[in-house]
Amino acid sequence: MSEVLLAVEGLKVHFPVVEGVLISKTVGSVKAVDGVSFQIHKGETFSLVGESGCGKSTTALAVLRMLDPTAGKVTFDGTDLTALSRQSMRPYRQEMQMVYQDPFGSLNPRMKVQSIVGEPLKVHRPQMSNSDYKKRVADLLDLVGLLPAMAERYPHEFSGGQRQRIAIARALALEPQLIICDEAVSALDVSIQAQVINLLMHLQRELGLSYLFISHDLSVVRHISDRVGVMYLGQIVELKKRDDLFSNPEHPYTKTLLDAVPIANPKLEAERAEPRIIGEVPSVRNPPPGCRFNTRCEHATDRCRTEAPAATSRTAGFVACHLFADAATDASSSAA
Amino acid sequence: MSTNALLRLNDLSIVFRTDRGLVRAVDSVTLQVDEGETLAIVGESGSGKSVTALSILQLLGEAGKIDRGQIMFADDDLTTFSESQMRNIRGNRISMIFQEPMTSLNPVIPVGKQVAEPLVLHRDMSWKDALTEAEALLRTVAIPDPRARLDEYPHQLSGGMRQRIMIAMALACQPKLIIADEPTTALDVTVQAQILALLKDLTHATGAALILITHDLGVVARYADRVAVMYAGRIVESASAMDLYAEPRHPYTQGLMSSIPSLDGVAGAELTTIDGQPPDLANLPVGCAFAPRCKYARQACNTTPQLTSITDHHHWACHGYE
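Protein chains in written order, with my numbering: chain V, 1 to 336; chain A, 1001 to 1322.
Rather than coming from a laboratory, the hints here were simulated on the basis of the structure. No residue lacks a Cβ here, since even glycine has one placed at the ideal position from N, Cα and C. One thing to keep in mind: the hints can contain errors.
Restricting the straight-line Cα-Cα distance to at most 20 Å, the calculated cross-link-like pairs of lysine to aspartate or glutamate (DMTMM-like) are [claimed, not checked]:
id	chain 1	residue 1	chain 2	residue 2
1	V	K255	A	D1264
2	A	K1200	V	E271
3	V	K12	V	D80
Stretch-level coverage of chain V by chain A, calculated; a stretch enters the list once three of its residues show a Cβ under 8 Å from a Cβ in chain A [claimed, not checked]:
id	segment
4	30–40
5	275–281
For the chain V half of the interface with chain A, some residues (derived, Cβ under 10 Å), not all of them [said to hold, decoys possible]:
id	residue
6	I197
7	M201
8	N265
Start from the sequences, fold in the hints, and give me the full structure.
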């Protein structure tokens, strides 16, 4: 596989829980991200999937240093970002850009598209001449399938899909190597979602981009990803190549997730068993000891309730479940 | 009208007064729901699917108005009903489940009382009996420790639990018809699966019919018996779920089906898209509203196609193509 662009190692983001009004004190912490490790290679799409509160978006914010990690390392192109000061972080911010979910909230309604797409250039390339600047904005709009003349318009004149294209053009302005898409197609209608997914994949081929793709939609993730990490309560429980994960899910939570997603084919659905899903996601404030999925897992044993499972390695990934830990020692020799 | 028809919309049209003039959100919709069946209405934002659902219970608000057509429920035309007659229908013979359980539950009333209220209103039960019944209903929707939950407020419950409360309320008076408007869109996928399975089991058990409004073609495939596809306020195709997915006929339905990445599809392949944008309802094209995005559009498409039958149970509104 190609060179590693981003390496995240043992990332933790804990938020203090403070109680009291006049005399406040920290009474505990929410471990939103608790020991997450993954790598993204150049030109690769790596996805994090999981349900609300699993820590996927917090992971993204910590990678960008929009949140300071409690522990762990984020290495970008060989540089440890967590060791950098705010000032020395600046050049790296140009290399990593973000596209958000809501194209209505992420574009300033008072700015013309010209200024929205061009703002990163004004900040990071102040020496750029006005004509170069306009040319670059026009090229960017063209790149995402909008007309250069649209630069003179305001966001409200565009549909949701077009706004998301504007947000993508802005993300591309500084020629980043990594784009983080946080639920970037989730708010779009299906016919428009398909257009934006195609655009993202086309841009990747054209520009050699890497994506960190964050989504709750397993169908979209399966479509767009090279490798996928499944998160549950702040940890990655299974990380594999796309086809390995979807055709051979091992972790009971991954299986539960996949069973829960309806397939758009009534014939297949009629043959599928009704998914068995036990209980609800426990509070992140008070996750269960041992394996965090043990309260909802039909295979849970006493060991799962006390001891956190270690990662058992798989091709280009791992699974963290006691079910596979024992077999791993026997299997690793033959697998290698 | 066949013998087991429960609800029939006849040529229903709904207009809204807006800053930009009258907007026809629903146009000439004819639709039937049989007893005990699950009908899905699918479409994208602005297709008129939610407005159609809201109009059945006359919940259109000040700006919206039914300007043509009938809503036949059993033997009554609901469009002729007064507000007090409608109140006797809502939550009693037809109930509704909304997308966002946090905003559709009252935040300052304990959930037990909210579930019991329709029983007091429509069944003349005492509050004491109604609360006992509410506890049984919470048990039916698989809420753990229902007695303790009766006294809790909506904010103390998770999103999935709140939607279970909504379902308990909807079921309280054993309605003949339940309308669920995107009931699981705000929920995580495992919770969605739990809620929809519950809704399906309970409608089967009570014999209630279900109208499921959704944009999710996977949900439709798993739960619906029949499907109506809406575009720009009109039904463009309707069929049994099996037939519609096996052989979508309308170019819009075909486009929708091929533009979703599905778990059983080919991963990574270029997705087929529908070119262009959904139309602006205040400024609809003449003739077929889908024509500007349709690869088969021709001269005939300048007139509006009516819903006609392809086979007995498969209808479409299209001038046809080669």
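Handout entry: Hints the structure fails to honour
Key = Going through the list in order, the structure violates hint 4 alone and respects the others.
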